[in-house]
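Sequences and hints are given; from them, build the entire structure.
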Amino acid sequence: MARHGGTESARDLLDPRWKGKIVSTYPNDDDAVLSLYSLIVGEYGWEWLRRFVAQDVAWVRRTQEPAARVERAARPSHWARTAC
1 MARHGGTESA RDLLDPRWKG KIVSTYPNDD DAVLSLYSLI VGEYGWEWLR RFVAQDVAWV
61 RRTQEPAARV ERAARPSHWA RTAC
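Sequence positions in the sequence shown follow the numbering used here and run 1 to 84.
By construction, these hints were calculated from the structure, which means they are not laboratory data. Each residue gets a CB set at the ideal place from its N, CA and C atoms; glycine is no exception. Please note: incorrect hints may appear among the correct ones.
Per label pair, the in silico range of CB-to-CB distance [claimed, not checked]:
{"#": "1", "residue 1": "W46", "residue 2": "R72", "range": "26 to 34 angstroms"}
{"#": "2", "residue 1": "R72", "residue 2": "G42", "range": "31 to 39 angstroms"}
{"#": "3", "residue 1": "D31", "residue 2": "V53", "range": "15 to 23 angstroms"}
Structural data, given as structure tokens:
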């Protein structure tokens with residue numbers, strides 16, 4: 001996906017070009033999302049999370065909402081799905 005201008009890892013989401021363009025489900029709303037954030041913090045540390053939150057993330061309810069927003073081309077327009 002990175003070759004198409006997307007992301008390759010969670011670290012890529014800290015790039016300023018993604019500021020205001022990231023949508024994520026609240027980690028407390030879904031165990032799988034919480035587990036993903038736990039893995040990312042385990043890999044990159046709490047500083048990653050602080051910098052990620054500073055990216056003006058649009059936090060939403062329901063795990064389907066990030067993809068739905070991208071499909072509707074609503075702000076934010078990039079849904080990041082990455083592996084650690």
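Hint check results:
Remark: the range hint 26 to 34 angstroms for W46 to R72 is upheld by a beta-carbon distance near 33 angstroms. A beta carbon spacing of about 33 angstroms between R72 and G42 agrees with the range 31 to 39 angstroms that was offered as a hint. Roughly 20 angstroms separates the CB atoms of D31 and V53, a value that falls within the hinted 15 to 23 angstroms.
Of the numbered hints listed earlier, not one is contradicted by the structure.
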